[in-house]
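Trainee: Okay, so the sequence shown: first residue is 1 according to my numbering, each after it adds one.
Calculated directly from the structure, the hints in this document are not laboratory data.
Check each hint, because a few of them may be wrong.
Have a look at the derived ranges for each label pair, beta carbon to beta carbon [as the list claims (entries may be wrong)]:
id, residue 1, residue 2, range
1, 132, 192, 53 to 59 Å
2, 320, 29, 18 to 24 Å
3, 204, 145, 40 to 46 Å
4, 260, 190, 20 to 26 Å
5, 77, 202, 27 to 33 Å
6, 61, 143, 33 to 39 Å
Computed list of lysine to aspartate or glutamate pairs in DMTMM-like fashion (alpha-carbon distance at most 25 Å, straight line) [to be verified]:
id, residue 1, residue 2
7, 335, 177
8, 258, 16
9, 28, 122
10, 258, 225
11, 70, 42
12, 163, 41
13, 91, 161
14, 344, 213
15, 156, 177
16, 105, 174
17, 344, 220
18, 250, 238
19, 63, 95
20, 316, 330
21, 329, 348
22, 127, 174
23, 191, 161
24, 105, 88
25, 335, 240
26, 63, 122
Each residue gets a CB set at the ideal place from its N, CA and C atoms; glycine is no exception.
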Amino acid sequence: MDSHKILVLRLSAVGDVIRTLPAVKALKEHYPSSLITWIVEESSQAFLKSQPEVDEVILFPRKRWTKGIKSLRRLWGTIREMWGFIIDLRKQKFDMVLDFHGILKSGLLSFLSNSPVRIGYDRKSTKEMNFLFSNAKVELPKVRISRFQRNMSLLKGMGIEVKENRYYLHIPREDQEYVESFIRTSSASLKRPLIAIHPGTSTKALFKRWMPDRYAQLADQLVRELRATILFTWGAEELEWVEGIRKMMKEPSLLGPKTLSLTQLGEVYRYCDLYIGGDTGPMHIASLMRIPVVVMYGPTDPIENEPFGNHVKVRKIVGCNPCHQYSCKELICIKAISVDKVFKATKEILSITT
Numbered sequence: 001m002d003s004h005k006i007l008v009l010r011l012s013a014v015g016d017v018i019r020t021l022p023a024v025k026a027l028k029e030h031y032p033s034s035l036i037t038w039i040v041e042e043s044s045q046a047f048l049k050s051q052p053e054v055d056e057v058i059l060f061p062r063k064r065w066t067k068g069i070k071s072l073r074r075l076w077g078t079i080r081e082m083w084g085f086i087i088d089l090r091k092q093k094f095d096m097v098l099d100f101h102g103i104l105k106s107g108l109l110s111f112l113s114n115s116p117v118r119i120g121y122d123r124k125s126t127k128e129m130n131f132l133f134s135n136a137k138v139e140l141p142k143v144r145i146s147r148f149q150r151n152m153s154l155l156k157g158m159g160i161e162v163k164e165n166r167y168y169l170h171i172p173r174e175d176q177e178y179v180e181s182f183i184r185t186s187s188a189s190l191k192r193p194l195i196a197i198h199p200g201t202s203t204k205a206l207f208k209r210w211m212p213d214r215y216a217q218l219a220d221q222l223v224r225e226l227r228a229t230i231l232f233t234w235g236a237e238e239l240e241w242v243e244g245i246r247k248m249m250k251e252p253s254l255l256g257p258k259t260l261s262l263t264q265l266g267e268v269y270r271y272c273d274l275y276i277g278g279d280t281g282p283m284h285i286a287s288l289m290r291i292p293v294v295v296m297y298g299p300t301d302p303i304e305n306e307p308f309g310n311h312v313k314v315r316k317i318v319g320c321n322p323c324h325q326y327s328c329k330e331l332i333c334i335k336a337i338s339v340d341k342v343f344k345a346t347k348e349i350l351s352i353t354t
């Protein structure tokens, strides 16, 4: 088994791919001579290529195929491309497939790979009849667990003992040098504790955003009472939001560098003593860099979306959360989180780790 070829299926989204990575790192550690191939969609392709445990990344071009199928002009070309994709997949002759995704698409890919061993979750833990495509099914614990633990459970179901908290995000040397340059030019302004705050979210997850005035109040309080340096990190389409928060502040803060990859963002967090933010991909990146995390939960599930390592959860139970009503305009759950509560959580975790 050690030198065999293994196919990993976790197609999207970026946050879920991040949360699958520790399980794949554990798999590679258990079978160090194996060749691990991961099928993933566009948004996570470059990130996975930066991780040494993943030997090959195959692009699953869902967006292009979806457009092609809907176009009469491109329909037959898309079908030929899809057929060629399956033929190439079968030629690889994978010895084993691990389906971490558990939906119809991943189940079909597992089955069409023609691998003799197709490992997935059981009927209760999959969607869209995915369990039909696996010939080895893993039953999850009856208690609620995080996504990180769910992915590790697939390995445990194979008999692989997993040390869950030992896996780190690998940062390529060029990304280390990029961030090191920023830190070097900012060194005169950096005092400990250095606290990273990531107030933004993707435009599809605005329901996770805490109010900007509260971020500003919190940051000011951290500077005044803990003598902290506040470093704001940001992603695409978040810069204006972050700059608005900094303008509300009465104390000085630093704007983090523009990061072109998740690994560059992770390297920024490596220099920090603490991360504060919402339930987002950057939060999981910070947790994989093994810095303490203070995370605020509004409508999302605090158990399912729990960080990887040392963390404190801040939330207010308002009777309707967690929920999936992400179009909710009231968002009383996120509005109910006070500055004082987040500040106390920050002091608590810093006192433990220092």
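Trainee: Checked against the structure, which of the hints given earlier come out wrong?
Mentor: 2, 3, 7, 10, 12, 13, 15, 16, 19, 21, 22, 23 and 26
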